[in-house]
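Asks: Spelled out from the first residue to the last, the chains are:
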Amino acid sequence: MNLKTHENNGTVVVSLAGEIDLEHSPSVRKQLMELMFDRRDVLVDMAQVAYIDSSGIASLVEAYQMARKNATRFVLVAVSQPALRVLQLARLDKVFALADTVEAALAG
Amino acid sequence: MQRSDPAQILADDLDLIAEMTADFARSRDIEESLRVGLQHIATRMEAEAASLFLMDGGSGDLVCHACWGPTDVTGLRLPHGHGIVWRAVNSNRPQLVKDTTTDPDFAQRIDDATGFTTRSILCAPMSVRDECVGAIELFNKKGAGSFDDDDRRILQALAASAALALINARQASAMAEQEGFRRELALAADIQRAMLPPPRDADFPIHGVNLPARGVSGDFFDLVELPDGKLAFAIADVSGKGMNAALLMAKTASLFRCLAKRLDGPGALLAAIDSELAETNSAGMFVTMVAGVLDPALGRVVLANAGHEPPLLCCGARFERVDGGMPPLGIDPTLFMAGCPESVVELAGGALYLFTDGLTEAKDEDGRMLGIEGVQSLLAQYRTLPAPDRLEAMVADVAKDGLALRDDLTMLVVEDRR
Numbered sequence: 000m001n002l003k004t005h006e007n008n009g010t011v012v013v014s015l016a017g018e019i020d021l022e023h024s025p026s027v028r029k030q031l032m033e034l035m036f037d038r039r040d041v042l043v044d045m046a047q048v049a050y051i052d053s054s055g056i057a058s059l060v061e062a063y064q065m066a067r068k069n070a071t072r073f074v075l076v077a078v079s080q081p082a083l084r085v086l087q088l089a090r091l092d093k094v095f096a097l098a099d100t101v102e103a104a105l106a107g
Numbered sequence: 000m001q002r003s004d005p006a007q008i009l010a011d012d013l014d015l016i017a018e019m020t021a022d023f024a025r026s027r028d029i030e031e032s033l034r035v036g037l038q039h040i041a042t043r044m045e046a047e048a049a050s051l052f053l054m055d056g057g058s059g060d061l062v063c064h065a066c067w068g069p070t071d072v073t074g075l076r077l078p079h080g081h082g083i084v085w086r087a088v089n090s091n092r093p094q095l096v097k098d099t100t101t102d103p104d105f106a107q108r109i110d111d112a113t114g115f116t117t118r119s120i121l122c123a124p125m126s127v128r129d130e131c132v133g134a135i136e137l138f139n140k141k142g143a144g145s146f147d148d149d150d151r152r153i154l155q156a157l158a159a160s161a162a163l164a165l166i167n168a169r170q171a172s173a174m175a176e177q178e179g180f181r182r183e184l185a186l187a188a189d190i191q192r193a194m195l196p197p198p199r200d201a202d203f204p205i206h207g208v209n210l211p212a213r214g215v216s217g218d219f220f221d222l223v224e225l226p227d228g229k230l231a232f233a234i235a236d237v238s239g240k241g242m243n244a245a246l247l248m249a250k251t252a253s254l255f256r257c258l259a260k261r262l263d264g265p266g267a268l269l270a271a272i273d274s275e276l277a278e279t280n281s282a283g284m285f286v287t288m289v290a291g292v293l294d295p296a297l298g299r300v301v302l303a304n305a306g307h308e309p310p311l312l313c314c315g316a317r318f319e320r321v322d323g324g325m326p327p328l329g330i331d332p333t334l335f336m337a338g339c340p341e342s343v344v345e346l347a348g349g350a351l352y353l354f355t356d357g358l359t360e361a362k363d364e365d366g367r368m369l370g371i372e373g374v375q376s377l378l379a380q381y382r383t384l385p386a387p388d389r390l391e392a393m394v395a396d397v398a399k400d401g402l403a404l405r406d407d408l409t410m411l412v413v414e415d416r417r
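Chains as they are written, first to last, in numbering that gives the first Met the number 0: chain A, 0 to 107; chain V, 0 to 417.
Hints were generated in silico from the structure; no laboratory data involved. Certain hints may be false.
As a list, the in silico DSSO-like pairs of lysine-lysine whose alpha-carbon atoms are at most 27 Å apart [to be verified]:
id, chain 1, residue 1, chain 2, residue 2
1, A, K68, V, K229
2, A, K93, V, K250
3, A, K68, V, K240
Turn these sequences into a full structure, and let the hints guide you.
Replies: Pasting the structure below:
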């Protein structure tokens with residue numbers, strides 16, 4: 000698992016790569032929650048996510064719930080096929096805001 | 000034999016060490032053992048008074064836990080610093096002060112406060128190898144003389160024995176606590192198992208199996224007989240693992256049991272459970288769940304799905320996924336406000352399988368996930384077995400000996416028994 004962040008016009012872009020499983024979800028969760036506590040707008044670039052399990056999904060759900068409460072933006076961007084299949088299977092594609100590219104998400 | 004006989008002295012000291020160790024092992028009260036141990040040591044060393052200090056993990060202070068003699072300074076804290084006790088601890092060597100008036104580290108203020116006159120001090124660290132847990136300090140050898148180098152060696156040995164006995168006692172106490180926690184976990188697992196419906200005869204239309212990966216489970220299935228002869232059933236998987244998942248599972252299972260008889264259909268049921276969970280749920284936790292109602296007379300199932308793995312309809316050699324549904328429960332209270340869609344499945348002599356991702360994501364020896372294809376091939380392999388045996392065979396195949404489950408595994412089968 001690899002996690003990188005950078006800023007783009009005041010929005011934080013978190014890029015996830017590799018396997019987001021029980022072992023790695025806690026660090027993803029920690030990073031996302033810190034950003035949520037700071038009330039930042041966050042895009043999660045999931046283009047390089049090879050696998051995500053229910054613990055990874057739970058981290059995204061928790062961030063989603065915080066963003067909703069704080070009225071900040073939380074968008075999943077360029078979600079890879081394996082990750083998208085998991086989201087679709089749980090019908091979470093109807094819950095999260097999704098965007099094809101970082102540019103589209105920033106414009107939206 | 001005389002007290003001065005070296006062999007007899009050695010034998011006495013060994014007896015003392017043995018007695019102290021046994022006392023620590025026997026007693027459940029470590030503080031009391033410390034007091035008794037200190038008393039034995041002070042008597043053996045012919046000291047007028049003695050104190051035992053232990054390192055306080057939180058503050059890093061040395062705190063007096065036991066005293067013997069005319070003054071009692073139990074509870075006295077020595078912050079990290081100089082002093083003779085700290086000198087013994089920091090250097091991990093005994094300190095012999097034959098005349099306190101010549102030692103700059105001697106704390107006269109304690110004598111001033113207690114009224115005791117300290118002439119000489121012998122202080123040894125309570126340490127085993129590099130682990131120092133405290134120190135034993137002796138004041139004034141009885142009679143006119145002071146402590147000497149022989150005393151220093153003996154106290155060093157006695158203090159080390161006391162440290163070993165204390166470390167052992169602490170470990171035993173930690174193990175007892177862990178054992179208590181394990182017992183509570185086992186009790187929780189028993190309560191959870193009791194929440195699952197009891198096994199039925201093979202010709203009953205619905206059967207389930209639940210195999211927790213740990214003691215307690217975040218999965219459940221349940222079955223409620225409705226007054227009109229229909230059967231309400233559910234399977235669910237709580238996100239996360241461990242005790243918090245088990246507690247949310249218990250809550251969801253109770254809601255299902257309570258609401259199944261009152262509400263009209265599985266869609267209304269899931270929407271009602273979502274509304275209850277949304278009010279009190281902790282952040283980031285959610286529940287994927289399928290609820291259904293079987294009309295055994297028609298072989299017809301009405302299903303509602305909240306973010307759960309799609310059920311699999313099996314007719315002969317043909318498999319069909321029952322897609323569609325809503326996101327999981329407990330995420331966002333607005334999602335289910337407009338209700339939850341239902342789908343109707345005609346069993347037509349076949350069987351409907353519901354399972355948690357503990358089944359599809361189970362890995363074989365080579366780390367390959369079973370997947371939906373693997374589930375289908377196992378179902379095909381065991382299709383001739385009666386339903387309860389079929390589920391057991393599937394579970395046994397996935398959770399082979401030595402292959403630990405990564406996740407709770409739950410399966411439910413709904414059959415057309417017309």
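Asks: With reference to the structure, classify each hint as holding or not holding.
Replies: How the hints compare with the structure:
1. A:K68 / V:K229: Between K68 (chain A) and K229 (chain V) the Cα gap is close to 41 Å, so the pair fails against 27 Å, i.e. violated.
2. A:K93 / V:K250: holds (26 Å)
3. A:K68 / V:K240: Judged against 27 Å, a Cα distance of about 25 Å means the pair holds.
The structure fails to meet hint 1 from the earlier list, while all remaining hints are met.
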